[in-house]
Each structure stands twice: as C-alpha cells, then as structure tokens.
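Enquirer: Quick note, the sequences are listed as chains A and B, same order. Number 250 in the working numbering belongs to position 158 of the first sequence; there are no gaps in the numbering. Number 688 in the working numbering belongs to position 25 of the second sequence; there are no gaps in the numbering.
Simulated from the structure, these hints should not be mistaken for laboratory data. Check before you lean on any hint, since a few could be wrong.
[Unchecked claim] Heads up, simulated DSSO-like pairs for lysine-lysine below, C-alpha to C-alpha not over 27 Å straight-line:
id, chain 1, residue 1, chain 2, residue 2
1, A, 417, B, 774
2, A, 323, B, 703
3, B, 690, A, 323
4, A, 220, A, 190
Being a predicted model, the structure only gives us computed values, none of them experimental.
Residues per chain are reported as follows:
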Amino acid sequence: MEFTMKQPAGSVSIFRKRLRKFRSMKRGYYSFLALAVTYLGSFLLPFLMNSKGLVVRYDGEYYFPISRFYEGRFFGQNGNFGEANYRLLAARLAAENKGDWVLLPLVPYNTTESADDIEENRIRAAYKKGDFSWDSGAKPAEDPAYAGDEDLYQGDDEVGIMGDEAAGLIQAPPYPPSAHHWLGTDNRGRDLLVRLAYGYNVSMTFALLLLATTYAVGIAVGGIIGFYGGKIDLLGQRVIEIWQTIPFLYTVMILSAALSDQMPYRPDLASILQPRFILLIVVMAVFGWMGITYYVRGEFLREKARDYVSAAVACGTRDRTIIFKHILPNALTPIVTFTPFVLVSDIGALVALDYLGFGLSAPTPSWGELMHQALPEHIHDWWLVTAPIAALFVTLLLVVFVGEAVREAFDPKVHSRLR
Amino acid sequence: MTSPLGAHPSATPRAANGPLLEVRDLKVRFPVYGGILRRKVAEVNAVDGVSFALTRGETLGLVGESGCGKSTTGKAVIGLYKATGVDAHMEGQVLLGDGGKEAADLMSLSKDEMRPYRRQVQMIFQDPYSSLNPRLTVGQIVEEPLANFMDFSRKNRQDRVKELLARVGLDAEQSTRYPHEFSGGQRQRIGIARALATNPQVIIADEPVSALDVSVRSQVINLMQDLQEEFGISYLFIAHDLSVVEHISTRVAVMYLGNIVEIGSADAIARRPLHPYTKALMSAAPLPDPERKRPDRIILKGDIPTPMAKPSGCGFRTRCPIAQPSCSEDVPTLVEKDGRLVACPWV
Chain A
93 MEFTMKQPAG SVSIFRKRLR KFRSMKRGYY SFLALAVTYL GSFLLPFLMN
143 SKGLVVRYDG EYYFPISRFY EGRFFGQNGN FGEANYRLLA ARLAAENKGD
193 WVLLPLVPYN TTESADDIEE NRIRAAYKKG DFSWDSGAKP AEDPAYAGDE
243 DLYQGDDEVG IMGDEAAGLI QAPPYPPSAH HWLGTDNRGR DLLVRLAYGY
293 NVSMTFALLL LATTYAVGIA VGGIIGFYGG KIDLLGQRVI EIWQTIPFLY
343 TVMILSAALS DQMPYRPDLA SILQPRFILL IVVMAVFGWM GITYYVRGEF
393 LREKARDYVS AAVACGTRDR TIIFKHILPN ALTPIVTFTP FVLVSDIGAL
443 VALDYLGFGL SAPTPSWGEL MHQALPEHIH DWWLVTAPIA ALFVTLLLVV
493 FVGEAVREAF DPKVHSRLR
Chain B
664 MTSPLGAHPS ATPRAANGPL LEVRDLKVRF PVYGGILRRK VAEVNAVDGV
714 SFALTRGETL GLVGESGCGK STTGKAVIGL YKATGVDAHM EGQVLLGDGG
764 KEAADLMSLS KDEMRPYRRQ VQMIFQDPYS SLNPRLTVGQ IVEEPLANFM
814 DFSRKNRQDR VKELLARVGL DAEQSTRYPH EFSGGQRQRI GIARALATNP
864 QVIIADEPVS ALDVSVRSQV INLMQDLQEE FGISYLFIAH DLSVVEHIST
914 RVAVMYLGNI VEIGSADAIA RRPLHPYTKA LMSAAPLPDP ERKRPDRIIL
964 KGDIPTPMAK PSGCGFRTRC PIAQPSCSED VPTLVEKDGR LVACPWV
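Isolated chain A, as found in the complex:
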C-alpha cells in the first residue's frame, strides 16, 4: 500500500492569496463592495434621479423623454415652450384618468432646476379639481392667491415666486426636507439629495481618474529612474524635488482662475466631460504625480538587484518587459497599499477646491460647493450643513476601511516575496 500525498487544490499566485485574505476581512471587504456598487450604480443615476419621465404614454402613444427632448407644448402644456414638466404631466394624466401615464424616476428632479414646489403643488391641487387651465398657459382660475393679481402672473416662475415673497407667503430657499425633497434643497432651490448623489459620481470619478493619471506617470517615472539608476536617477530625483517645491494649491487656483473664462460650463456635456473637469485632472496630475515615485523607485532599486532580474537580462528580455512584467508586479505592495489613501486625498482635494470656488464650473453638482453654500451663510439650515459633510464623511470612512484591509492583506511579511 502506497501513501499518496493529497495535492493542494491548484496553484495559487501571491496576488490571489492576498485577494483571499482581503475578502476574509469583512469590514474592509464590505466597505469595498458598498463603494463599488454605489459608484457603478451612480452611472445609472439618470434613471433614478431625473426630472425627465422615463416612459410617457400620451394619447395612446409611447415616448421615451430620457433620450429625447420634448417641448412642453408637445404634451399639451401649451404655456411651456421649454422642456415638458413631467412631474406636472404625470399629475395631469393621472387626474384626467384616460389611460395615459408617465413613469417618473424615483426622485423626479435633476441637478440644476430650481423647482417651484409651491406653485407645482397649487397646480396639482387644481388638476385634482379638474382645472387644467395651467396647461393652456393661464394660471389655475380658482386659486385665491392670484385673485385680482392677473397682471403679475404670466406663466413665469420667477415672477410667481417674487409675488409670493412679496406677499410674505414663502421664504427663499434653501427649503427644509419635505415629501418632494427628501433632504431639502440648496440655496437655489435645487434638490439636495440629487446634487449629493450626482456629486458622489463626480467626486469618485474625479478621484479615480486623477489616481490613474498620477499613478501612471508616477510609476513610470519611478520605475525608470529606479531601474536605470546612475545619472538618470540623480537627475530625475533633483527634477522631482524642484517640481515638488511648486506650491500645488496656489498653482491650481491661479490656473483655474486664469482659464475659467476660456472654459465655460457646457450644458450639452456630462459633468465628467466638462472642459474644467478635465483641466482640473490634468493640472492636478501635473503637480501631483511625484508622491508615489519615491516608493516605486525604492522598490525598483531593491528588486533590480535580485537574481530574477539578472536572469531576465541574461535571457535577452527587453528593458520594458523587465520593468513592467518582472519588476513592477513585485513592486506593487506600496502602490496598492497607498491607493485608497490617495483616493481619500484626491476626493478631499476636489472638495477643497470647490469649497474655495476654484474647482468645477458652476452648475456641476459638487460636495465642496454645497459646503461652501452652507458654512458661511446658511449655518442654521441644518440639512444643508449636515448632508454634504455626512456624505463626505461616510465615503472617506469607507475608503479608509478598504485601505486598512488592503494594507493588512498586502503585508509583505505574510506572503513574503520570494517564498
């Protein structure tokens, strides 16, 4: 009888082992899942939070306003030459009860509109009573607030609000949380939840793109000066040191201020394709790639002295392959370990710039801009103060949890490099 050793189930690379270890650390792993799911989900925000209806059934026909622009008149909102108000359209079609309907997103507001809730509530109330006069461009006839005030109302929201303000009936935004605005509105009456959610997408995208850019440059530079050493190393280090002494924040602020005129907000583009957004990433990458180079350089200096690199040289492998295929995978520990913390600082940097007003161009949803609104003037409007700070706090906390778990999982002492 022969004893056979049980073979271990399959070969496992060091990276896989570290991933396994990471997955076994619940807090970090679930934080990672939460961030990944919410971030990927945030690209579906137009279907969840949007003022456009997803599907409209009107006169028996189906329309998909999410991908097309329809004037208000098209759906019978005769006074409305702009885009149809799908919230009111939904209310009207429901009141008419002719089998037409609108499928609205979960939160039927977008990031830029200052919805006039009081007016909309009046119109909804009128619809319920069978008065559809708003759609013909007039005000609802039996509304007492407008009795004898025909001149003021011309179907124009602004004038309506001014009239109400003059009458002392409503106060100026920000409005507190309500059934329509679950987290209230900001100081321009824009839905806070919607702006926070879109701002999450903008912040994370910004941080991830900035991370990718700075890492690409930093790792390439660090790898090259570490691998070639000698004069290249000496020169490279001095250039980096000089570059690092340029005050980063001031430079970004100056460039941002100087270029803001040339780069206006373009309403036809998504937030993450705005020229200012891309400019900020480029500028911050140009002044922010140096951090990782020293770690990569150090790793390369150590790794290139190992025999496997000599072996690759002796095998006739080209430098580029040695740098990226042989050494880089063995130099990943500091790179991976720092990633979450770099992400934290990148998110923080964008919030700081936005807070100071040198960040993204004006209507882009941004957490820093919301904090800027809240802190000096609206410090007593608790929802406007707490919501962006809480959002930032939770996000950064989750990222740090991920970072701690990654650091633990990539501890070189556990699965040492050469065993």
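Chain B: place on chain A using the hints.
Expert: What follows is chain B alone, placed relative to chain A:
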C-alpha cells in the same frame, strides 16, 4: 583535443578550432563615492586583469574565497553590469566565437547589440529562491528565453517548455505552478531548464549548488554533467567548494584578490598545487576519503586585504609564506610550469 592549459591567453590569432569563449585581461572596478560632493574617493578592484579561455564542451572551474572576484568575473562576462546600470568601470575583451567565424567582443557591444549573443551564453544563479520571479509560473519562466529568441509558435513554445522540464527531471505537468511550490533543488532545475532553453554554447554557473542541501547537490551536479555530454555545452563553473569543482571541472582556475594565480588541469592542481595560495586553499578542503592522507594544513597569516587598497606587486605577498622582498615590485605574470600556468616566480 585541447592542451590542458586551454588556449594561452596571450595567443592573439585565433585558430579555426580555437576557444569558444575567451576573456582577455578583464578588469572590473567599482567606484566608491564619499564626502559631501559624492566624489569618487576610491575604487574596488574586484577583477584586476583576468584572462582565460573556454573550449567547446569543457568545464572551467573558477575557485577562490569570498570576495576574490569570481562571481564578478562571471557577471562581467555575461554583461550584467552594463545591462542593469551598475556603476562599474570595465576593461578588457570577452571574445565569443564559433571556431571559424570571427569572434565578437561582447565588452565592446552596447546593450542592444549584445542581445542576439545572449542566446549563446546563459547563466545559472546561486540562489534558487531569488533567481525565479515569484509572480510567474514555472512555464512562463522557462518560456521567456524561447519567446525572446526562438521563432516558435505559442504551441511549439509550450511543447518545448514541457520537454525542457522533463529533461531536467521535473514533472512537465507542473508548468502552471509557482516557484514557491518547489523545493530548492527543484528550483535550481527550473533555473537550469531556463538556461538550456535557447540551446546555449556556454553556461556560466555561479555557485549553482552552494545554496542547496548536500543531498541534492550531487543530483544537480550530475544533471549538469549529463546535459554537457548531451548538448556539448561549456561551463564556466564558479564555486568555492573545492570538492565539487574538482569533480566537475576539466580545468581549474584559482583566483585571489581579483587575479588568477594558477590555472591548469583539475587533476594537476588537485594533486600538486604549485602556487602558495593554491596550496593553502587545497589544504583547507575537507577530504571525503578518510584513507587519503591529509596534507599538512597551511594556515595563512592575517586577513585578505581589501580590494580597495591592494598590496603593490603580488597581491598575495602580505600573507605568502614564501614571499621575497622583490614580490612588492612587479605583478607576477602567469608562466607555464609543470603543466599549468602559475603566477609566482618562486615555485
């Protein structure tokens, strides 16, 4: 086929059946920087004028104590210092030729010009742990030189990898495993398979068994000898273990402080060392055969001098039992004596 001396290093015209690899007056110096301005304050003369030749199918053992420059010689021959940007000053010639063809001087080639010649000169490393990239599978490691040099399809390459692994005594099915799943001896076999992949003419073996368990050493040595017979490979076998070198080598070169002090057939040097340093070295070697009479142990006085400040004249004179006043004047040259070359005029 060849004289026990190999080709004499000073013989300039190369015969048609001349040496495969010839090293002429190789010097490797590492600068030492110091002070605030990081100026060069000294030099380490790691290799100080080494010449030898290697003919087809032979094994030249390179022995000496730690720090005598034997590994440096091997790495300089294969051009590792230039390729990895090590700050070293090198002189001399490394001629790689194939009999009739004109030899190429590897030292004068740039990194890129050198690449095609790498196929013919391969290396086996001392530490089987650090010489295999832990991130690559064994198959990928052995496949790399094939991908670099051989115009094979992917399928052919993988077949060849399996063939090579089987040839060095490993299970071909283990090519998807990672190095950490193998023992030291198995890892050294992987290193040998990698060195064999391109059908090289010369393999530089830098202490290939000194990191291995004694029980595994003989297996690896035997494998290397089998491969030599099968493929006609020449080895430059660098070691400090005299019994291993004696066993595998055709000829032996003894190094001290960056110079070869004695070079000749393994048998002659083992039986009757001439140079006082070789004598001391041989007397320190443990004898596996208790019947054989141990020569009187020669204990050298003092320590090996630093290669930054070598003694004038003969490098060995400060510790030499037979040193003469004139030893400090001229560096002794290798002269033929009793069937080998010795760098000492007093023996």
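Enquirer: Keeping to a limit of 27 Å between CA atoms, is the pair of residue 417 of chain A and residue 774 of chain B held or broken?
Expert: 19 Å, holds
Enquirer: Checking one constraint from the list: CA of residue 220 of chain A to CA of residue 190 of chain A, max 27 Å. Satisfied?
Expert: 14 Å, holds
Enquirer: Holds or violated: residue 323 of chain A and residue 703 of chain B, Cα atoms, limit 27 Å.
Expert: Between residue 323 of chain A and residue 703 of chain B the Cα gap is close to 14 Å, so the pair holds against 27 Å.
Enquirer: Is residue 690 of chain B close enough to residue 323 of chain A, meaning Cα to Cα at most 27 Å?
Expert: Status holds; Cα separation ~23 Å.
Hint compliance for this structure: no hint is broken.
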